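Protein chains: 2
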Amino acid sequence: MNLDEAKLKFINSWGTLGSQWGINRTMSQIHALLLVSSKALSAEEIMEQLGISRGNTNMNLHALMDWGLVSKEFKPGERKEFFSAGKDMWETARKITYERKKREIEPILQVVNELNKETITGDNNEEIETFKKTIEDLNKFTIKANSIVDKFIKSDENWFYKTLMSILK
Amino acid sequence: MNLDEAKLKFINSWGTLGSQWGINRTMSQIHALLLVSSKALSAEEIMEQLGISRGNTNMNLHALMDWGLVSKEFKPGERKEFFSAGKDMWETARKITYERKKREIEPILQVVNELNKETITGDNNEEIETFKKTIEDLNKFTIKANSIVDKFIKSDENWFYKTLMSILK
DNA sequence: AATATCTTTCAATTTATTTTGAAAGTTCAG
DNA sequence: CTGAACTTTCAAAATAAATTGAAAGATATT
Chain A
393 MNLDEAKLKF INSWGTLGSQ WGINRTMSQI HALLLVSSKA LSAEEIMEQL GISRGNTNMN
453 LHALMDWGLV SKEFKPGERK EFFSAGKDMW ETARKITYER KKREIEPILQ VVNELNKETI
513 TGDNNEEIET FKKTIEDLNK FTIKANSIVD KFIKSDENWF YKTLMSILK
Chain B
393 MNLDEAKLKF INSWGTLGSQ WGINRTMSQI HALLLVSSKA LSAEEIMEQL GISRGNTNMN
453 LHALMDWGLV SKEFKPGERK EFFSAGKDMW ETARKITYER KKREIEPILQ VVNELNKETI
513 TGDNNEEIET FKKTIEDLNK FTIKANSIVD KFIKSDENWF YKTLMSILK
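Protein sequences, first through last, are from chains A and B.
Offset between the first sequence (1-based) and the numbering used here: plus 392.
Offset between the second sequence (1-based) and the numbering used here: plus 392.
By construction, these hints were calculated from the structure, which means they are not laboratory data.
Hints are supplied without guarantee of correctness; some may be wrong.
[To be verified] Okay, derived cross-link-like pairs now, DSS-like style, lysine-lysine, Cα gap no bigger than 27 Å in a straight line:
hint, chain 1, residue 1, chain 2, residue 2
1, A, 525, B, 431
2, A, 525, B, 509
3, A, 509, B, 467
4, A, 525, A, 479
[Claimed, not checked] A few chain A residues that don't get close to chain B, going by computed Cβ distances all over 12 Å:
hint, residue
5, 393
6, 412
7, 434
8, 464
9, 477
10, 530
11, 537
The structure presented is a predicted model; accordingly, all values stated were derived computationally and were not measured.
Each residue gets a CB set at the ideal place from its N, CA and C atoms; glycine is no exception.
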């Protein structure tokens with residue numbers, strides 16, 4: 393398989409997978425393109441290679457920069473901006489995990505915590521108990537999940553590999 | 393706060409959060425409703441309480457049963473079906489993790505594995521190297537991630553808590 | 001300060017996803 | 001077998017999300 397075919401396959405698959413991950417297709421495609429490209433690319437090159445509009449390219453490059461997955465570069469003598477993706481997979485995974493934690497875990501923590509503190513009134517005791525128990529369990533669970541994810545976000549690869557993987561067998 | 397308000401708040405928040413998780417709003421709302429209800433509910437009751445259509449209720453109940461989060465019950469003498477959600481949070485989390493793994497990790501594994509085996513041809517050596525390195529790293533990473541998730545799916549709460557949490561501090 | 005080059009914005013459009021509800025299907029009691 | 005009670009299906013409608021592209025905004029160059 394030649395390089396261009398392979399790249400295309402990767403970019404397309406990554407784009408589709410991204411949507412399963414709650415990341416939009418274009419964003420993941422741009423990320424994929426930059427991941428497999430040895431040099432930084434301009435917005436122009438990106439829109440040409442992926443066949444997408446200027447606005448779309450711009451918006452998603454910014455999203456990728458917000459996530460910390462892509463950075464801007466300036467080439468001497470060149471007017472335009474160039475973009476490249478961080479190539480360290482653990483770093484990338486940590487950053488994605490961080491963003492997902494913000495969106496997926498923290499809001500649960502917030503709501504559940506709030507409800508957990510409330511005093512619930514009503515006449516159906518069985519229902520109140522079930523409610524309280526559910527919220528309490530959820531609260532405990534979320535706190536644990538959150539702290540595990542935190543550890544991963546702060547970990548370095550070696551630590552994570554050694555500690556976790558060796559124990560997890 | 394009275395029980396109905398609290399339930400409503402939980403159901404609505406859970407519904408919104410679900411969408412961040414790639415689960416549709418109705419599906420998470422039904423799940424939330426069943427989680428905080430002490431007795432099993434009929435489709436009729438669910439559609440009334442959530443103000444959603446019959447079709448929508450049916451489809452999402454089936455999705456929840458596919459995920460293993462909800463089960464059908466029959467009450468003696470009653471013709472209709474009743475639904476209840478498993479109340480064990482770790483079990484619930486494991487099941488959700490399993491479904492997400494199928495959608496989010498396994499497809500990556502598949503594509504990356506495939507690309508990893510390919511021989512890439514072309515004239516730009518630097519580009520080929522970058523491509524191969526990216527895919528290789530991604531492959532290694534995904535395999536590790538996958539195996540950690542597998543451990544979680546198979547774990548019981550105590551094991552996970554003791555082993556992981558104590559080490560992760 | 002005029003012009004050329006590049007980036008950003010955003011209303012309108014397109015595409016994708018979810019929801020509805022009526023009709024068809026199923027099951028069971030009499 | 002018939003009809004009432006319930007469940008499932010699915011095309012059409014509604015809603016939500018992503019994308020476009022032209023216009024406005026920057027910024028550097030002469």
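Numbered hints the structure breaks, given as an ascending list = Hints 2, 3, 4, 5, 6, 9, 10 and 11 are the ones this structure does not satisfy, whereas the remaining hints hold.
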